[in-house]
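So the protein sequences, as listed, match chains X, V and S. With my numbering applied, the first sequence corresponds to residues 1 to 173, in that order. With my numbering applied, the second sequence corresponds to residues 1 to 173, in that order. With my numbering applied, the third sequence corresponds to residues 1 to 173, in that order.
Among the clues, some could well be false.
No copy is singled out in the list; a pair is fine if it fits within one copy or between any two copies.
Below, computed lysine to any residue pairings styled on SDA-like, alpha-carbon distance capped at 20 Å [to be verified]:
(1) Lys-55 - Thr-27
(2) Lys-119 - Asn-56
(3) Lys-105 - Pro-161
(4) Lys-105 - Gly-43
(5) Lys-105 - Lys-119
(6) Lys-105 - Gly-23
(7) Lys-119 - Glu-101
(8) Lys-105 - Pro-152
(9) Lys-118 - Arg-163
(10) Lys-105 - Ala-17
(11) Lys-118 - Gly-106
(12) Lys-118 - Ile-16
(13) Lys-55 - Ile-16
(14) Lys-119 - Asn-100
(15) Lys-105 - Asp-79
(16) Lys-55 - Val-112
(17) Lys-118 - Leu-104
(18) Lys-105 - Arg-163
(19) Lys-119 - Gly-136
Treat the hints as calculated values from the structure; they're not laboratory data.
Listed below are the residues making up each chain.
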Amino acid sequence: MDAVCASALVGNEMPIAADVILGSNVTIFHSDLVNLYGCTIGGDTRIGAFVEIQKNASVGERCKVSSHSFICEGVVIEDEVFIGHGVMFTNDIYPAATTNEGTLKGASDWEVVPTLVKKRASIGSNATILAGLTIGAGALIGAGAVVTHDVPDYAIVAGVPARVIGDVRNNKQ
Amino acid sequence: MDAVCASALVGNEMPIAADVILGSNVTIFHSDLVNLYGCTIGGDTRIGAFVEIQKNASVGERCKVSSHSFICEGVVIEDEVFIGHGVMFTNDIYPAATTNEGTLKGASDWEVVPTLVKKRASIGSNATILAGLTIGAGALIGAGAVVTHDVPDYAIVAGVPARVIGDVRNNKQ
Amino acid sequence: MDAVCASALVGNEMPIAADVILGSNVTIFHSDLVNLYGCTIGGDTRIGAFVEIQKNASVGERCKVSSHSFICEGVVIEDEVFIGHGVMFTNDIYPAATTNEGTLKGASDWEVVPTLVKKRASIGSNATILAGLTIGAGALIGAGAVVTHDVPDYAIVAGVPARVIGDVRNNKQ
């Protein structure tokens, strides 16, 4: 039975890799239902179930990363940002499984296109963020939006592609 | 080895919390790959993998909740409803990680905006349902739609934002 | 303790069912965080976390299936295809939880509508693919697109519904 139990333990522990840097008081609601590796998570941040955060991604302090979201390599999220459920970041304009020669792509076969989400921005559920963009401070991305351009500070954007429809300073009390 | 095994057991059992109320004959295909807490699930309902259902959410009888979907607090789903894959409900118009003062938001810092999905409605995969809406009986929400207004009974809606494009009584045999 | 350990083992092992046919050198990054059953996965293909692949689905060789994606029964994916994160396939035009008589739908109560993704196509994150379509060889589906019509070989499509916006032979070096 020893081997069986050891195997079960590994299976539960691996989804948070040893190289993840967690600030103080980070809450991960189900550590066996996330996949975090090589990333940095700031203090007091909360992370839901079914979240993947890749290496060389960084999440600030007092953020909330909701269930089913994916934060890829090259994404920097500042403090107090809200990431809704099912939000997908991207870091590649022309993704592919293989090189033009048909061999598997490795880490050296593409350049990560970085994304920045500034302080107190809020990204609605099921939103998709294309590679290489900056989401402004305090901006609000509507649920289901596909963001294809930079978003100004405090802008409210929605739709596919996302367009500015308001300013949070006029809409939130 | 005892501590190891006990820990493994907790890890597998916790994703269905003790306060979930399950009707008779509910099927949860992978109980270790869901996150259900404080919710009510009606009899004969089937729930796929990677599903999260929050406290104070209610799913009726003979429903199907497909993989990767998220049903949040404040959502009431009546009987015989189909929820596709990757469907995201929301309960907040202006989501945020922190209060305006920069402290973490707690349960008392926001008001849940309720959503009602009426009997035999069907919600397509990757659809997003904004907060505060009613989806009518028998309505069909197209895959990938972002629903921003109430949907009448038996309406077919699609697109971003979702618009009425038909009536299920004319389209289904 | 024996029963406890055995149960933990079952919980970890079941998400890859015994009837899955895996080619040589398939990489599944977290075998305890996927749900694969009755499907065929070609050699050298890589599969991320929180992926579900159903029975009678087929994925070719040297593909990449990214996290949070769902590949349903009736989908055939050829070689060297890239599937982004949160991609949802569908196989039913009028999904429903129950028959018109209100009884649970079983396998015999609907006809699977097949989908084909041809060699070297690339499907962006959070894209939704309606049932019954063919995605052409080398085609690029933009992130967040909802694909409602066949996509020609080498076409770039984006939006909701997805429309042709370019040709990969002109856009990729």
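#### Entry: Status of Gly-43 relative to Lys-105 across identical chains (alpha carbons, at most 20 Å)
between (35 Å within a copy, 15 Å between copies)
### Query
Using 20 Å as the alpha-carbon threshold, which applies to Lys-105 and Gly-23: within, between, both, or neither?
Close across copies (18 Å), not inside one copy (33 Å); limit 20 Å.
### Copy assignment of Lys-119 with Glu-101, given that the CA separation must stay at most 20 Å
Only across copies: Lys-119 and Glu-101 sit 13 Å apart there, 42 Å inside one copy, limit 20 Å.
### Query
How would you label the pair Lys-55, Thr-27 (within, between, both, or neither) given a Cα cut-off of 20 Å?
Answer is both; intra-copy 19 Å and inter-copy 18 Å each pass.
### Same-copy or cross-copy closeness of Lys-55 to Val-112 [CA-CA at most 20 Å]
within (12 Å within a copy, 34 Å between copies)
### Query
Quick one: Lys-118 to Arg-163, C-alpha cut-off 20 Å, is that within a copy, between copies, both, or neither?
This pair counts as within: shortest intra-copy Cα distance 18 Å, inter-copy 32 Å.
### Query
From the Cα coordinates, with 20 Å as the cut-off, is the pair Lys-105 and Pro-152 best called within, between, both, or neither?
neither (34 Å within a copy, 24 Å between copies)
### Up to 20 Å CA-CA - Ile-16 versus Lys-118, copy category
neither (25 Å within a copy, 35 Å between copies)
### Message
Reference check for the pair Lys-119 and Asn-56, CA-CA at most 20 Å: within, between, both, or neither?
### Response
within (19 Å within a copy, 31 Å between copies)
#### Entry: Alpha-carbon proximity between Lys-119 and Asn-100, which holds within one copy, between copies, both or neither at 20 Å
between (39 Å within a copy, 12 Å between copies)
### Intra- versus inter-subunit Cα pairing at 20 Å for Lys-118 with Leu-104
Answer is between; shortest inter-copy Cα gap is 17 Å, intra-copy 34 Å.
### Message
Within a copy, between copies, both or neither: which one fits Lys-105 and Asp-79 at a CA-CA cutoff of 20 Å?
### Response
Intra 33 Å, inter 14 Å, cutoff 20 Å: inter-copy only.
When the structure is compared with the earlier hints, violations turn up for hints 3, 8, 10, 11, 12 and 18 and for no others.
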